[in-house]
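S.K.: Spelled out, the chains give:
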Amino acid sequence: MSDTDFENDDESTVLSVSDRVAAEALIVDVGAYEGPLDLLLTLSRTQKVDLRQISILALAEQYLAFVEKAKELRLELAADYLVMAAWLAFLKSRLLLPPDPTEDGPSGEELAAHLAFQLERLAAMRDVAAKLMGRDQLGRDFFARGITEDVQRVRKVTYTATLLDLMQGYARIRTKDDFRPFVMDREAVMTMEQALDRMRGLIGFAGEWTDISSYLPDGWNMDGVRSRSSTAATFAATLELVKEGKIDMRQGDTYAPIQIRKRADRDGDT
Amino acid sequence: MATPENDSLFEAPPMAEQERMVEAILFATADPVSIKELTGRMPHGSDPAEALVYVRKKYEGRGVQLVKIEDAYAFRTAPDLGFLMQKETVEVRKLSRAAIETLAIVAYHQPVTRAEIEEIRGVSVSRGTIDQLIEMEWIRFGRRRMTPGRPTTFVVTQGFLDHFALENARDLPGLKELRAAGLLDNRPPPGTLDPDAEDDDAEDDDQVEMFEDTPE
Amino acid sequence: MATPENDSLFEAPPMAEQERMVEAILFATADPVSIKELTGRMPHGSDPAEALVYVRKKYEGRGVQLVKIEDAYAFRTAPDLGFLMQKETVEVRKLSRAAIETLAIVAYHQPVTRAEIEEIRGVSVSRGTIDQLIEMEWIRFGRRRMTPGRPTTFVVTQGFLDHFALENARDLPGLKELRAAGLLDNRPPPGTLDPDAEDDDAEDDDQVEMFEDTPE
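Protein chains in written order, with numbering that gives the first Met the number 0: chain A, 0 to 269; chain B, 0 to 215; chain C, 0 to 215.
Derived from the structure by calculation, the hints contain no laboratory data. A portion of the hints provided could be inaccurate.
[As the list claims (entries may be wrong)] No farther apart than 25 Å at their CA atoms in a straight line, the calculated lysine-lysine pairs in the DSS-like style are these:
| # | chain 1 | residue 1 | chain 2 | residue 2 |
| --- | --- | --- | --- | --- |
| 1 | B | Lys56 | C | Lys56 |
| 2 | A | Lys130 | A | Lys47 |
| 3 | B | Lys175 | B | Lys67 |
| 4 | A | Lys155 | B | Lys35 |
| 5 | B | Lys57 | C | Lys56 |
| 6 | C | Lys86 | C | Lys57 |
| 7 | C | Lys86 | A | Lys155 |
| 8 | C | Lys86 | B | Lys35 |
| 9 | B | Lys67 | A | Lys130 |
| 10 | A | Lys130 | A | Lys155 |
| 11 | B | Lys57 | B | Lys67 |
| 12 | A | Lys130 | B | Lys93 |
| 13 | C | Lys35 | B | Lys86 |
| 14 | B | Lys67 | C | Lys57 |
| 15 | A | Lys155 | C | Lys93 |
| 16 | A | Lys130 | B | Lys175 |
| 17 | C | Lys35 | B | Lys57 |
| 18 | C | Lys35 | C | Lys67 |
| 19 | C | Lys57 | C | Lys67 |
| 20 | C | Lys67 | B | Lys86 |
| 21 | A | Lys68 | A | Lys47 |
| 22 | C | Lys86 | B | Lys67 |
| 23 | C | Lys67 | B | Lys57 |
| 24 | B | Lys86 | B | Lys35 |
| 25 | B | Lys56 | C | Lys57 |
From a predicted model like this one, the values you see are computed outputs, not experimental measurements.
Turn these sequences into a full structure, and let the hints steer you where they fit.
M.R.: So, in structure tokens, the structure goes:
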């Protein structure tokens, strides 16, 4: 029905015929269009008028003719194109029918005005894009310095510390001192080597039989762990010295004190 | 001559000397140098902004000119002598039509979201196009829009302005005319802004806010 | 504007124009340019050698100079402005642990010899650490000790006291205060240890405590 109305419009009929021809010419390279808006803009050029005066109705007709033709030729059209076709068909009916007061939503004129705005805006963007690319360009029309000097980055490092850092640092050192026995391992253990060293120094003065316990170093004979360790080490050291022939040792009875004395080598009694 | 360490002990160098310094610093680099950086590199108390006025005057009409890009300065050869420089011409990667249009839309509508670019072009913007422009350092991410989804926006860079010999984005060709014609307005499709037509008030508010965000 | 193709049909450009051309070419070219090359690039009939004389004169005493390198020419920044080609960035770093400990020992034990510092720290003190602290002007040489070898001592400086907002080094908190502040281990000194606690478990606990205590 709307179609009949449309055909009756003189101006539109004329456009319609020429548009069909144009559409056929355009149809060859659908792929060249960047979507329906691009195609609509191209179609609008055939109206040869300022985009502000463009007949959206005629444009819709052209577009629908284009889609019709594409279908006839069995060309694959992207979904976008079909969506636009449906929307333009709707717009066309709105433009042709008298406004229905019961229907809400924008009027056909408003929708048409917006489409005209979109087309004009896209055309304007293309226009300024071309202007932009036509400007003098760096590296093509004007040039930057060819010999550049690197700016040397001189990094100046300043060091800082807070009072807390300082105190913690000091605390760390003091803590380490307190802790040293643990780090050094066993403060309560005397090795045989330590005992031997000690005995060798002392043995020269031991002419008489002396209790072995008197050879324990100061401070090592009270504490249980220390006295056990030093007794064992000293005993082992005396055995070593006996083996070397440096001392004699004796024990009067089981569990009796062990006594040692310097061996009177050669000149003494056997 | 004053060395950097003890500058602060002395007066700022005479203006003629400051001119020499500005000249040297700008000659040494290909990229624009900001006033701030000039100040940082010149002796204490220098006034590079003033020195630049004299330098610019000195180079007027010469083969090399002082150009301003936003708040930065650089020397560039005079555009009318480009023909001498065929040897230096760098082959700029040929941009697709989509890339050129996208670039123009970002420049004229910035800050602009991807959705707005798509709305203007009527087609979706491929990732590659945006990536290419970012890689060329002609566009970059701007602030996020304070609208649902907080979409990122795109803006053009100083490199873009430098490339197209623009002092700032306000100097874009035809910008005033476009604005006067209302073509830079973010005009929503009819119906979407009518509060009575929308049942979701909250969504509506955001919509309004977004369009108030129209770029300068 | 003259295009290269039809130059030969015209007179050579005026000398002022040739100067501009030389200026632009030397500015934009990445390498020094020989007279031969200039002749090849400039319009027919040009005399770059003469233009170079004027250009050189124009830049005399400026921030940028025309220099001749073998048989080629280039612009170079004036040698006396080389210091501008440095960009100083100041980086603030934390003092190393060795330096802090050494500094702390000097502060708490001053005047103190290097041997004493080493004894307290339990490790040798590198020359660099002492030098660094002297350079920062936080420690300085004190009097020599009247002991064999007359070793130098170190003391802290006024600068040190200023930095740490101390009136004098005696204001530094003592060990007791450090301990009260939780900065020192609360472990009693060796020898006062409870013998029963000295089994493996206790040792393990201490070990753990020590590592947890590691300040940083």
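S.K.: Compare the structure with each hint and give your call.
M.R.: Do the hints match the structure? See the list:
| no. | hint | in the structure |
| --- | --- | --- |
| 1 | B:Lys56 / C:Lys56 | 18 Å, holds |
| 2 | A:Lys130 / A:Lys47 | 22 Å, holds |
| 3 | B:Lys175 / B:Lys67 | 21 Å, holds |
| 4 | A:Lys155 / B:Lys35 | 20 Å, holds |
| 5 | B:Lys57 / C:Lys56 | 14 Å, holds |
| 6 | C:Lys86 / C:Lys57 | 29 Å, violated |
| 7 | C:Lys86 / A:Lys155 | 10 Å, holds |
| 8 | C:Lys86 / B:Lys35 | 12 Å, holds |
| 9 | B:Lys67 / A:Lys130 | 21 Å, holds |
| 10 | A:Lys130 / A:Lys155 | 48 Å, violated |
| 11 | B:Lys57 / B:Lys67 | 15 Å, holds |
| 12 | A:Lys130 / B:Lys93 | 16 Å, holds |
| 13 | C:Lys35 / B:Lys86 | 15 Å, holds |
| 14 | B:Lys67 / C:Lys57 | 23 Å, holds |
| 15 | A:Lys155 / C:Lys93 | 14 Å, holds |
| 16 | A:Lys130 / B:Lys175 | 14 Å, holds |
| 17 | C:Lys35 / B:Lys57 | 29 Å, violated |
| 18 | C:Lys35 / C:Lys67 | 14 Å, holds |
| 19 | C:Lys57 / C:Lys67 | 15 Å, holds |
| 20 | C:Lys67 / B:Lys86 | 21 Å, holds |
| 21 | A:Lys68 / A:Lys47 | 22 Å, holds |
| 22 | C:Lys86 / B:Lys67 | 22 Å, holds |
| 23 | C:Lys67 / B:Lys57 | 23 Å, holds |
| 24 | B:Lys86 / B:Lys35 | 34 Å, violated |
| 25 | B:Lys56 / C:Lys57 | 14 Å, holds |
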